[in-house]
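Whenever a hint applies, use it, and build me the whole structure from the sequences.
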Amino acid sequence: MQVKSNWLNTRYENVFAYIAAGIRDGELAPGSRLAGERKIAEQLGLSRDTVRQGLDLAEQHGLIVRIPQRGTFVASPKVRQDLGAMQPFGKTVRDLSMEPTYHLRSRDAVALDEATAGQLEVDPGSAALEIEVLGLANGLPLALYRSTLPQWVVDAIGPGVSWGERSSYELAAAALGLSSLTVSQELEAVTLRGERAQTVKVRSGAPGFVSTSLFRGPDGRPVERRIAWYPGSRYRFRMSRNIRIDP
Numbered sequence: 001m002q003v004k005s006n007w008l009n010t011r012y013e014n015v016f017a018y019i020a021a022g023i024r025d026g027e028l029a030p031g032s033r034l035a036g037e038r039k040i041a042e043q044l045g046l047s048r049d050t051v052r053q054g055l056d057l058a059e060q061h062g063l064i065v066r067i068p069q070r071g072t073f074v075a076s077p078k079v080r081q082d083l084g085a086m087q088p089f090g091k092t093v094r095d096l097s098m099e100p101t102y103h104l105r106s107r108d109a110v111a112l113d114e115a116t117a118g119q120l121e122v123d124p125g126s127a128a129l130e131i132e133v134l135g136l137a138n139g140l141p142l143a144l145y146r147s148t149l150p151q152w153v154v155d156a157i158g159p160g161v162s163w164g165e166r167s168s169y170e171l172a173a174a175a176l177g178l179s180s181l182t183v184s185q186e187l188e189a190v191t192l193r194g195e196r197a198q199t200v201k202v203r204s205g206a207p208g209f210v211s212t213s214l215f216r217g218p219d220g221r222p223v224e225r226r227i228a229w230y231p232g233s234r235y236r237f238r239m240s241r242n243i244r245i246d247p
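No gaps in the numbering here: position 51 of the sequence shown is 51 in the numbering used here, and each next residue is one more.
Do not rely on the hints blindly, as some may be mistaken.
[Said to hold, decoys possible] Derived CB-CB ranges, DEER-like: (1) Ser180 - Trp152: 17 to 27 angstroms; (2) Asp108 - Ala175: 48 to 58 angstroms; (3) Asp246 - Asn138: 14 to 24 angstroms; (4) Ser47 - Ser162: 47 to 57 angstroms; (5) Asp108 - Ala174: 15 to 25 angstroms.
These are computed hints drawn from the structure, not numbers from a lab. Glycine included, each C-beta is placed from N, C-alpha and C at the ideal position.
As structure tokens, this is what we get:
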């Protein structure tokens, strides 16, 4: 794999070009592991610090995934998320020809604080279920979900359900006999640090985003509040909007 150095580029951009060329030419397949920093530095005649900067750039552009204590891998195709529509995580991942799995991290009975109770339109202190699930595609974490369901929804779902095998709002809709839900969402750019960064397998300080979603049935009653954290380098968003032109 040959990459010509361009004097207009910084040295670390040549590292980025090296990786991009390998992916384009089929020499670096999705999921394949890259050589270590030392070996890449030797191949390109650069310092390890320069290689590390180039890898940072490649990670920011979603070309690679750096998993602590495991290594650096060529990224799978980005999730292309349409902000004008929503589909379950499993279908989104299968559309990428990848296998979705869920990992149930926690399930706890909680008493709702005033803010969450207000969102779910129940009394403060009401009983609810809070579950945390990690969504993976071919073993790669794509989202960390924390869902809160009011007790009336939990009662409708009933005991014995396999929490984590499907999205919790899918379980709620099936239990309530609903064929559709509406969802309102807020998105915010964040920096992933600490345990959340470790959970989604990114370096602390990596860019990400968090969404807060409120799912409602056809009657407008809330059935779930969900907060989700996503690694920013693994997603690409698209949307269409009307533009109003004043005469």
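(message) Name the hints, by number, that the structure is in violation of.
(response) 2 and 3
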